[in-house]
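Its first residue numbered 41, the sequence shown is counted upward by one per residue in the working numbering.
Just so you know, not all the hints are guaranteed correct.
Dumping the calculated DSS-like pairs for lysine-lysine here, alpha-carbon to alpha-carbon at most 30 Å [to be verified]:
| id | residue 1 | residue 2 |
| --- | --- | --- |
| 1 | Lys83 | Lys180 |
| 2 | Lys100 | Lys115 |
| 3 | Lys180 | Lys164 |
| 4 | Lys191 | Lys115 |
| 5 | Lys83 | Lys100 |
| 6 | Lys115 | Lys164 |
| 7 | Lys100 | Lys180 |
| 8 | Lys79 | Lys115 |
The set of hints was computed from the structure by calculation and includes no laboratory data.
These numbers were taken from a predicted model, which means no experiment stands behind them.
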Amino acid sequence: MRSAFISLTMLLLLSSAVIAQSHAKVKRASAAAICGNPKVACKTSVTFHPYDLPFRVPAKAVILDTELFYVVILKSMPAANDSCDVFVPETERLAAQELFPDHKVFASRCVEPGELFYTNVSEKQRIMAIYAGSTLAEAKRVLAAVKANGKFPGANLRRIRTGFNGT
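Whole structure, please, built from the sequences with the hints as guidance.
This is how it looks when you write it as structure tokens:
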């Protein structure tokens with residue numbers, strides 16, 4: 041009888057430990073922060089292409105996503121069959137960057153390992169966009185400034201994230 045009581049007590053202790061572990065909060069790696077102002081140095085462990093939207097990458101990161109953020113799409117173009125030969129020319133991106141010096145203007149290229157990807161953008165599309173902030177209110181102000189400029193009549197807001205898979 042005594043051994044049955046001890047066995048039952050042990051079983052209850054073990055099951056409560058398993059339940060406690062299953063409800064323990066798992067600390068998740070936080071999403072990387074965007075470096076949206078090209079006038080401010082980005083503290084990151086990787087070198088980005090001039091046309092990329094940079095973000096803070098910790099040392100030894102292999103696969104990383106950023107926080108969600110807003111962009112204003114300035115230009116979009118089809119890239120049939122995910123062609124890596126189709127993208128917004130760097131001269132156009134640089135001209136747009138001059139118009140908005142405090143907000144990074146970036147352009148997507150083909151998705152390959154080690155290169156950036158942008159969510160909520162078709163792999164069969166290339167975009168040129170401007171970083172518009174982390175809040176909808178800030179993004180609407182940037183969109184209004186873009187529309188007031190008059191050079192990008194089809195400009196529109198989109199919420200995306202970026203990242204890379206360096207494996």
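Hints, verified against the model:
{"no.": "1", "hint": "Lys83 with Lys180", "result": "holds, 27 Å"}
{"no.": "2", "hint": "Lys100 with Lys115", "result": "violated, 34 Å"}
{"no.": "3", "hint": "Lys180 with Lys164", "result": "holds, 27 Å"}
{"no.": "4", "hint": "Lys191 with Lys115", "result": "holds, 10 Å"}
{"no.": "5", "hint": "Lys83 with Lys100", "result": "holds, 14 Å"}
{"no.": "6", "hint": "Lys115 with Lys164", "result": "holds, 14 Å"}
{"no.": "7", "hint": "Lys100 with Lys180", "result": "violated, 36 Å"}
{"no.": "8", "hint": "Lys79 with Lys115", "result": "holds, 23 Å"}
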